[in-house]
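S.K.: Listed below are the residues making up each chain.
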Amino acid sequence: MGRTWQDMEAFEAFLDDGGIVEVDDHMPDEYRHAVFTFIEMHANSEYMGGLTERDWIPKTPGLRHKMSVLAKTQDEIGHGHLLYMVAADMGIKTRTEMIEDLMAGRSRFHNVFHYKAETWGDQVAIAFLVDAAALASQQAVFKNCSYGPYRRILKRIISEEGFHMRLGEDRMRRIAEGTQIQKDIFQGALDRWFWPALQLFGPDSKPDDKLLRWHIKSERNEVLRDKWVQKFVPMMHSYGFVVPASDLAYDEDTKKWDVGPIDWEPLKKTLAQGGPDSARRIREARDNWEATAWARRCLDGAAV
Amino acid sequence: MTAQHNPPAAPEVDLEAAVLSAIASVDDPEYPGVSIVDLGLLEHVEVRNGPVGGTLGVIVGVGLIPTFSGCPALEMIRSDVDRAIRAVAGVDDVSVNWLTSPAWTPDRVSMRGREALARDFTVAVSINNQATRCPRCGAKTTEQSMFGPSRCRGIHRCPNCSETVEVMRG
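These protein sequence lines are chains A and B, in that order. Residues 1 to 304, numbered by this note's numbering, are exactly what the first sequence covers, in order. Residues 305 to 474, numbered by this note's numbering, are exactly what the second sequence covers, in order.
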């Protein structure tokens, strides 16, 4: 059965050697809680993201896009499902407790799902900017993650998110090559989503960040954020859009873009469920959960 | 017989092999490293001579079948296959189509495909009515939900090693 470590020092030495922790190992409580909290937030974000995507199924323009939105909804909900299973296995909360905490506003989900997607342009911006940011941070976890069950699930999730990225680029290209009205709609969406997407990476990692020390994450927030900026600023320019950062500057020496100072207040608000659309999002998720209780009862019955 | 006379069979066989390997180089967009041929999506390939823009040229026709008809990756796979074949020297025109029959079933996944899915993605393939095996430890898995991240996948659990397993099914 599971392995045991004498103390935290021995456990950390095991992790530093590239050791992979499995579910039945006797891992230190702090590690168990850190991994659990991380996966729970990821699961909540997939679930809330799936509900956002679902809102757009009836409103999506064209059959091809509608199929992709339908499939993406199922993907996100499926990812949430897998992640809740892996999180529940850690023995801290059951899946039902996690869902109840989410519906009661007691647990966290990613900042980007605390904003309203106003137009189809917003959906395109989300698929293009936000999914890329989420993918970059998931890749940094997957690369070296010390918790085996999460690492294996992430590999599948990342491949699927990579597919969403291609869909996002396809949607973006279509709107960018469209009429002036379409371009204006997309510019408006970029203005709304650029900063939340950038804030998704979080403030600079602290020197004693436990997620880094225990090889749960393998890259510092500021490094990931910078990579994203270096990729997306030139891409937005190449399609003729304006990057909504008044202090945006290009450093000729380092050949890098700098977006200037970042205001972290909006991120803090979303983490305390005080984002512009937090209350409605949580309320609708709860209404949806209650309205579909009959289906879960039927499935439970059918499984006997 | 002169030196210019080409043996008729050899180049065509080479061309057909080159086309097949171009198709096999296309991966499933959700499983990088797993070829669409190993997933059983290729139904037929035809290499023939025909009119291309007023002259005679080599036309490749490909018939693919989807794992399910609402799959959002269809257009992406179609254009990836089209591009891969057009890159083959000697091909003048390509036509790639999704067929409505036969229906795809999991037993179309090749052994190599099953091994790659199990090894790289912890995904099992459900064959006929046989029990699905955990890709990590080989124990029989139990179904948790018929709804996975896609219409062609369900979610199972391994009672032995607790692994969460996705299962490809028809």
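Calculated from the structure, these hints are not laboratory results. None of these values were measured; they are calculated from a predicted model. Be aware that a few hints might be false.
To be verified - Here are some, though not all, of the chain A residues that point toward chain B, as calculated from beta-carbon distances under 10 angstroms: (1) Leu70; (2) Lys155; (3) Ser159.
What the hints assert, rightly or not - Lysine-lysine pairs mimicking DSSO-like chemistry, simulated, CA-CA at most 30 angstroms apart: (4) Lys444(B) x Lys155(A); (5) Lys143(A) x Lys155(A); (6) Lys210(A) x Lys444(B).
Said to hold, decoys possible - Quick list of simulated restraints, FRET-style, between CB atoms: (7) Asn432(B) x Glu222(A): 49 to 55 angstroms; (8) Pro234(A) x Gly337(B): 25 to 31 angstroms; (9) Asn464(B) x Asp209(A): 50 to 56 angstroms; (10) Tyr250(A) x Val356(B): 45 to 51 angstroms; (11) Pro234(A) x Glu350(B): 26 to 32 angstroms.
Backbone N, C-alpha and C fix where the C-beta goes; we use that ideal spot for every residue, glycine too.
S.K.: List in ascending order the numbers of the hints, as given earlier, that are violated by the structure.
M.R.: 6, 9 and 11
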